[in-house]
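Between the sequences and the hints, there should be enough to build the whole structure, so can you do that?
Protein sequence lines, in the order shown, are assigned to chains A and B. Under this note's numbering, the first residue of the first sequence carries the number 22, and numbering increases by one thereafter. Under this note's numbering, the first residue of the second sequence carries the number 793, and numbering increases by one thereafter.
Any given hint could turn out to be false.
Some but not every residue of chain B turned toward chain A, in silico, with C-beta under 10 Å [stated by the list, open to error]:
#	residue
1	R876
2	W909
3	M1001
Estimated spans, in silico, between C-beta atoms of each pair [to be verified]:
#	chain 1	residue 1	chain 2	residue 2	range
4	A	A90	B	S942	23 to 29 Å
5	A	S76	B	G929	56 to 62 Å
6	B	R1046	A	S269	56 to 62 Å
7	A	L107	B	P973	39 to 45 Å
8	A	K103	B	E1047	38 to 44 Å
9	A	S269	B	G908	37 to 43 Å
10	A	L86	B	E795	35 to 41 Å
11	A	R101	B	P913	49 to 55 Å
12	A	S269	B	E1047	39 to 45 Å
13	B	R920	A	T183	34 to 40 Å
14	B	P805	A	L315	45 to 51 Å
15	A	L315	B	G929	35 to 41 Å
Non-contacting residues of chain A with respect to chain B, defined by C-beta distances greater than 10 Å in every case (computed) [unchecked claim]:
#	residue
16	K103
17	L133
18	A176
19	V178
20	V206
21	G210
22	L315
It should be emphasised that the hints constitute simulated quantities derived from the structure, not laboratory data. Remember, it's a predicted structure, so these values are computed and weren't measured experimentally. All C-beta atoms, glycine included, are put in the ideal place defined by N, C-alpha and C.
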Amino acid sequence: MTLLLGALTLGLILSLLAMGVYVSFRIFSIPDITTDGSITLGAAVAAVLLVGGTSPILATGAGALAGAAAGALAGVIHTRFKINALLAGILVMTALYSVNLHVMGRSNVPLLQANTFATQGERLGHALFGAGPLHLLGWPVAPGDLAVLALALLAAVAAGVTLYLFFRTDVGTAMRATGDNPQMVRALGADVDRYTILGLALSNGLVALSGALLAQYQGFADAQMGIGMIVWGLASVIIGEALTGSRSLGLALAGAVLGSVLFRLLVAVALRWGLNPNDLKLITALFVFSALVLPRFLARRRGGAPAA
Amino acid sequence: MLELHGLRQTFNPGTVNEVRALQGVDVTLEEGSFVVVLGTNGSGKSTLLNAVAGSFLLDEGRIRLDGHDVTRWPEHRRARLIGRVFQNPFSGTAPGMSIAENFALAARRGRPRGLGWALAPDLMGPLRDRVAALRMGLEDRLDNAIGSLSGGQRQALTLLMATWLRPRLLLLDEHTAALDPKSADQVITLSDEVIRRDGLTTMMVTHSMAQAVAYGDRILMMHRGRVVHDFRGAEKRRLRPEDLIDRFDEIRRREQLDEGAAAMLRDLYV
Chain A
22 MTLLLGALTL GLILSLLAMG VYVSFRIFSI PDITTDGSIT LGAAVAAVLL
72 VGGTSPILAT GAGALAGAAA GALAGVIHTR FKINALLAGI LVMTALYSVN
122 LHVMGRSNVP LLQANTFATQ GERLGHALFG AGPLHLLGWP VAPGDLAVLA
172 LALLAAVAAG VTLYLFFRTD VGTAMRATGD NPQMVRALGA DVDRYTILGL
222 ALSNGLVALS GALLAQYQGF ADAQMGIGMI VWGLASVIIG EALTGSRSLG
272 LALAGAVLGS VLFRLLVAVA LRWGLNPNDL KLITALFVFS ALVLPRFLAR
322 RRGGAPAA
Chain B
793 MLELHGLRQT FNPGTVNEVR ALQGVDVTLE EGSFVVVLGT NGSGKSTLLN
843 AVAGSFLLDE GRIRLDGHDV TRWPEHRRAR LIGRVFQNPF SGTAPGMSIA
893 ENFALAARRG RPRGLGWALA PDLMGPLRDR VAALRMGLED RLDNAIGSLS
943 GGQRQALTLL MATWLRPRLL LLDEHTAALD PKSADQVITL SDEVIRRDGL
993 TTMMVTHSMA QAVAYGDRIL MMHRGRVVHD FRGAEKRRLR PEDLIDRFDE
1043 IRRREQLDEG AAAMLRDLYV
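So this is what it looks like as structure tokens:
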């Protein structure tokens, strides 16, 4: 049960990453590898502030803003300096590695003594349900874990709803159209470059928010924690699309959250069954590869069948 | 309304692919005039339209539109004054978004966009009426993705979007060339209706002589990056497609003569 709760909480926290990747990858069709750097940046900024005694909400917000700035920088490099989006992301990600080390002052910042959203959640759980284990469907559950899960759920739902509402405004609609048809957006008087920068800032802000919460949940920020995160985000988005199927905005965002949770559950089960943790990224990469290639492959087979 | 002074544009200068697309174009459009730009492939007619729209910045020349010198304005800034319909029916609409959302974007052309609700109630009412007026049965499908519609439907909607806020200048870039004959007919008729009703200053590029003769009140004939003839007033009204063909043949003959003369001179003196 603890395993399940952990996987759910982690999945919800990383659903913010998935939503960020949805914005860059599905709306702008940019595989934005800045993600790997900005998730660590969010974690690093939040961790350092938390150790210094800043309140969890402020520290988390600051982490998200730092990520948004990194995303905006990648956007500026891509649009104003006409550098390929992938390369712009690689440049910012690489630079962020040094920045993150400077922010943290070393390669790892533990949060064991700090007051974080996780410790506050646990305190909340104890206040509501007492210290003893609760029984949920016959399983013993620590009330602290349950409260932390509830907070993670709250964060994911709040971010999802806010994002959905934002994409229904004039600015948000123009942003989605920028990814869909930039020529039309220009002809209707919107600055494509500005919307791309804004979109990448939004994407990386969400990613860094995810990183800030992740650091508090796992109890440390680490310079290496961002490696491969873009691929994990992609996997979540792809699983989400398979779950909700539709291309409508609301379902896609809900799908990203569900995809992230399901992906974490699958990972937890696989690890429990004895999967070597070292193979996790290899398997995730293979999964994303096949999810990207398979539909095309199947379509070709179906299309080619009558001729054969 | 629109003044073009000495427009020159060369693409890929100094390379084997050098194209002198515009070689000194001077044109003035009066308020409310409907000008057809006619020419063969490569005559520079689409380049002229793109220069006005701001798709690229000119090598030389000045563009004045509605009292503003827009020569250095980027495309999205000029969009405040200009409505556009492209040749490719897929260019003017965002395929993954609904019909209503596409119009929400058009309803804020050249205006600041904030955090207001895109599908505002005061948009939806008039939208239903005006889409219904197209008689394509699309008014009940406003929530459908625009990518699911035919080229003709999309082009009709693009025209409606371009003129939703009254543009100071309407640019139509061979907007019926990629459609089947029936849709092309519908779209050109609709365009003419809208232009007359709102008295829009319009530049329409076409290579169809029939369209050039049937629509508009002035024809600019282009060849090799220059305006070679300007039919207006009574002359335009009397014009038949054969007259235009004769005129093109004449230009072509003169050109061959020029080349022949140049070859002769080269043989004699070089």
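The hints, checked one at a time:
no., hint, result
1, R876, "5 Å, holds"
2, W909, "6 Å, holds"
3, M1001, "28 Å, violated"
4, A90(A) x S942(B): 23 to 29 Å, "45 Å, violated"
5, S76(A) x G929(B): 56 to 62 Å, "57 Å, holds"
6, R1046(B) x S269(A): 56 to 62 Å, "60 Å, holds"
7, L107(A) x P973(B): 39 to 45 Å, "44 Å, holds"
8, K103(A) x E1047(B): 38 to 44 Å, "39 Å, holds"
9, S269(A) x G908(B): 37 to 43 Å, "21 Å, violated"
10, L86(A) x E795(B): 35 to 41 Å, "48 Å, violated"
11, R101(A) x P913(B): 49 to 55 Å, "38 Å, violated"
12, S269(A) x E1047(B): 39 to 45 Å, "57 Å, violated"
13, R920(B) x T183(A): 34 to 40 Å, "30 Å, violated"
14, P805(B) x L315(A): 45 to 51 Å, "47 Å, holds"
15, L315(A) x G929(B): 35 to 41 Å, "37 Å, holds"
16, K103, "15 Å, holds"
17, L133, "41 Å, holds"
18, A176, "22 Å, holds"
19, V178, "20 Å, holds"
20, V206, "7 Å, violated"
21, G210, "4 Å, violated"
22, L315, "22 Å, holds"
Hint violations for this structure: numbers 3, 4, 9, 10, 11, 12, 13, 20, 21, all remaining hints satisfied.
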